[in-house]
Amino acid sequence: MSTTQAAPAAPEEAAPLPMRRSRLHNNERRAGIGFTAPAVLLIVVFLVIPVLLSFALGFTNARMGSMENPGFTGLTNFVRALTKDPTFWDALRNIAIFVLVVVPLQGGLGLVLALLVNQKIRGITTFRVVFFMPVVTSMVVVSMLWKFMYQKDGLINAITGLNVDWLNETHTALPAVIVMSVWQGVGFQMILWLSGLQSINHDLYEAASLDGAGRWQQFRNVTMPGLRPTFVFIFITITISAFSLFTQIDVMTNGGPSNATTTLVYHIIQMGSSRGDVGYGSALSLIFFVIVLAVTLLQRFLTREED
Amino acid sequence: MSTTIAPPQPLPASVIEQSRSEVKRGKWWTYIPLALLALSFMLPLLFMLSSSLKPRDQILSDLTSWKAFLPVGDLSLDNFTAMFNRVPAGRFMLNSIIITTLVVVLGLLVNSMAGFALARLRFRGRTVLLSAIIATLIVPFETYAIPMVYWVNRLPRIVLYSDGFAIEQGWSNSYEVLIIPFIASAFSIFLFTQAYKSVPREIDEAARLDGASWFRVYRSVVSPLIKPTFATAAILTFLPQWNSYLWPLLVVQKEEMRPVQVGMRYFFASGTAEGTPWGQIMAYTSLITVPVIIVFVIFQKQFISSIASSGVKG
Numbered sequence: 000m001s002t003t004q005a006a007p008a009a010p011e012e013a014a015p016l017p018m019r020r021s022r023l024h025n026n027e028r029r030a031g032i033g034f035t036a037p038a039v040l041l042i043v044v045f046l047v048i049p050v051l052l053s054f055a056l057g058f059t060n061a062r063m064g065s066m067e068n069p070g071f072t073g074l075t076n077f078v079r080a081l082t083k084d085p086t087f088w089d090a091l092r093n094i095a096i097f098v099l100v101v102v103p104l105q106g107g108l109g110l111v112l113a114l115l116v117n118q119k120i121r122g123i124t125t126f127r128v129v130f131f132m133p134v135v136t137s138m139v140v141v142s143m144l145w146k147f148m149y150q151k152d153g154l155i156n157a158i159t160g161l162n163v164d165w166l167n168e169t170h171t172a173l174p175a176v177i178v179m180s181v182w183q184g185v186g187f188q189m190i191l192w193l194s195g196l197q198s199i200n201h202d203l204y205e206a207a208s209l210d211g212a213g214r215w216q217q218f219r220n221v222t223m224p225g226l227r228p229t230f231v232f233i234f235i236t237i238t239i240s241a242f243s244l245f246t247q248i249d250v251m252t253n254g255g256p257s258n259a260t261t262t263l264v265y266h267i268i269q270m271g272s273s274r275g276d277v278g279y280g281s282a283l284s285l286i287f288f289v290i291v292l293a294v295t296l297l298q299r300f301l302t303r304e305e306d
Numbered sequence: 000m001s002t003t004i005a006p007p008q009p010l011p012a013s014v015i016e017q018s019r020s021e022v023k024r025g026k027w028w029t030y031i032p033l034a035l036l037a038l039s040f041m042l043p044l045l046f047m048l049s050s051s052l053k054p055r056d057q058i059l060s061d062l063t064s065w066k067a068f069l070p071v072g073d074l075s076l077d078n079f080t081a082m083f084n085r086v087p088a089g090r091f092m093l094n095s096i097i098i099t100t101l102v103v104v105l106g107l108l109v110n111s112m113a114g115f116a117l118a119r120l121r122f123r124g125r126t127v128l129l130s131a132i133i134a135t136l137i138v139p140f141e142t143y144a145i146p147m148v149y150w151v152n153r154l155p156r157i158v159l160y161s162d163g164f165a166i167e168q169g170w171s172n173s174y175e176v177l178i179i180p181f182i183a184s185a186f187s188i189f190l191f192t193q194a195y196k197s198v199p200r201e202i203d204e205a206a207r208l209d210g211a212s213w214f215r216v217y218r219s220v221v222s223p224l225i226k227p228t229f230a231t232a233a234i235l236t237f238l239p240q241w242n243s244y245l246w247p248l249l250v251v252q253k254e255e256m257r258p259v260q261v262g263m264r265y266f267f268a269s270g271t272a273e274g275t276p277w278g279q280i281m282a283y284t285s286l287i288t289v290p291v292i293i294v295f296v297i298f299q300k301q302f303i304s305s306i307a308s309s310g311v312k313g
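Residue numbers (numbering that gives the first Met the number 0), protein chains in the order written: chain A, 0 to 306; chain B, 0 to 313.
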């Protein structure tokens, strides 16, 4: 690796240029390793090892506070999740509903907003900024704010004239969380769609309009195909973040009423942290990881097939 | 993920702002849907700010009218005073400022150096390394949060005392545990790699022949050419860091170590004789949100283009 080792390796009769090059290369190699080392080390210690640990700990009875070495328990944790833990199935059902509703709703509304703010009219930047504001606001703050608005004597009932205890009734709690989540995140999708819209070559629209295409036909035949890569990216990112639903639940409902809003990540945190059952929490994490991976691969497979 | 996330290219200027000559005066009716939507995005935030200035009784009585969103009536900063008396909000703010600043600054350094090497230096395993780093992007943090807590509780930690130091076990309740795991970011490394690739290689060779060290080439020659990428990476690190909740919730038990979002939990069960102190809660949420909104409004161009560049296709 070092220059002193490399120098004798160069043949005596070699021209000075290759020799200097090889020294430069050695130097470059060392610099490359030195420059990447801090990042690689941090990623290994704080990502790779914890991910590998979740594979290992899922098969043990590890506990949070305990300093004893965890014992191997085989598939016990997985059997427990699948057969003896009704909350796990509630969480799975809730997260499936959440993903199936939020992904198309937030993605679709984001596109509508992007089309609206893609006009070249005065003051449009202000609208983009306003639609993006909830994204900048933290989820904890947004959740607290909406919790206040969802109260029985809160703003939502005052505006709509209804008298529903939104977060405390089993059939309204999850929809209430969904509405709030869509509101908070839609500005983010708007910006992604907008940059997709603006990466479409403008000449295509001119060509289409010369061919006599109307606005709808232009949207159908120019805009939609042009947005394909954005579509794939947005749907993968919304899906993964929807699966990871946690903060809203922790702040607004604690999974209730009667598990109507509990989610996989909320359940993992409850089991692994609050109850200290790291082994079981890790097993649930592993199941969660497999689901996310499967959905991502499926989405990519499906969106690729159409090409 | 590698094909779905694409290089951050210079964005079409119009994502952020149109050139003045192109801007048309829209027909009045084009503004109606925009204005209605803008209102629905503004109202909850206006409600938060207005409520933070009102006494509890007025907050509740205003709910039924438009006054809920307007700072009208008996306004004062009493909620803020009461909130500061009840919650160590100043300490929480300081914690968040320290954590966020260090994660952003150290992250820019570590990730840009890695990006520079991966884009411009020839060394063995570089392509494999880049692919491996990008592959980690599909792993959501939530899937390894619990093993991570277990792991950091077992890491050795050097604690400095006035008369020396000691090695203790476990990183809980420290700044380290809130900062160090978040310095390296696969996404930032990816952004930097793409940006450094866009600068011609000849520059390096010229600087090297002039005797500059690689660090100098990185710091003084090439990095100044990709300043916008530094801004993008800074924004994409700052926002989730300031807003982070799950991780500090898991590793911080001591009150004085809480960052602002977890400090919010102070109010979770804090009913008083008169009920939930909503005025104080709204004061606290305003306190931790308004600075971020101000920064966002000032730097909105950079914010919006940084988000956009995270999804632009190549």
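Treat the hints with care, since some could be wrong.
What the hints assert, rightly or not - Some chain A residues flagged as far from chain B (calculated, every beta-carbon gap over 10 Å):
1. Gly31
2. Thr35
3. Ala38
4. Val50
5. Arg79
6. Leu81
7. Lys83
8. Arg92
9. Gln118
10. Leu161
11. Phe187
12. Asp202
To be verified - Here are the simulated DMTMM-like cross-link-like pairs (lysine to aspartate or glutamate), alpha carbons at most 20 Å apart as the crow flies:
13. Lys196/B to Asp152/A
14. Lys226/B to Asp209/B
15. Lys66/B to Glu27/A
16. Lys151/A to Asp56/B
Stated by the list, open to error - Cβ-Cβ distance ranges computed for the label pairs, FRET-style:
17. Asn172/B to Asp202/A: 58 to 66 Å
18. Ser273/A to Trp65/B: 37 to 45 Å
19. Gln301/B to Gly160/A: 40 to 48 Å
20. Asp77/B to Asn162/A: 56 to 64 Å
Honestly, the hints are just simulated from the structure, not real lab data.
Glycine included, C-beta positions come from ideal geometry on N, C-alpha and C.
The hints, checked one at a time:
1. Gly31: Check fails; 3 Å does not lie beyond 10 Å.
2. Thr35: violated (5 Å)
3. Ala38: violated (4 Å)
4. Val50: Incorrect as stated: the minimum Cβ-Cβ distance to chain B is 5 Å, not above 10 Å.
5. Arg79: holds (16 Å)
6. Leu81: holds (18 Å)
7. Lys83: Answer for Lys83/A: holds, closest chain B Cβ roughly 19 Å.
8. Arg92: It holds; Arg92/A is separated from chain B by about 18 Å at its closest Cβ, greater than 10 Å.
9. Gln118: violated (6 Å)
10. Leu161: Fine: 13 Å to the nearest Cβ keeps Leu161/A off the interface.
11. Phe187: Violated, because the least Cβ-Cβ distance between Phe187/A and chain B comes to about 6 Å, which does not exceed 10 Å.
12. Asp202: Holds: least Cβ distance 14 Å, greater than 10 Å.
13. Lys196/B to Asp152/A: Not satisfied, since the Cα-Cα distance of roughly 57 Å exceeds 20 Å.
14. Lys226/B to Asp209/B: violated (24 Å)
15. Lys66/B to Glu27/A: With Cα atoms ~66 Å apart, Lys66/B and Glu27/A exceed 20 Å; violated.
16. Lys151/A to Asp56/B: Between Lys151/A and Asp56/B the Cα gap is close to 16 Å, so the pair holds against 20 Å.
17. Asn172/B to Asp202/A: 58 to 66 Å: Given a distance of about 59 Å, which is inside 58 to 66 Å, the answer is holds.
18. Ser273/A to Trp65/B: 37 to 45 Å: holds (42 Å)
19. Gln301/B to Gly160/A: 40 to 48 Å: holds (43 Å)
20. Asp77/B to Asn162/A: 56 to 64 Å: violated (31 Å)
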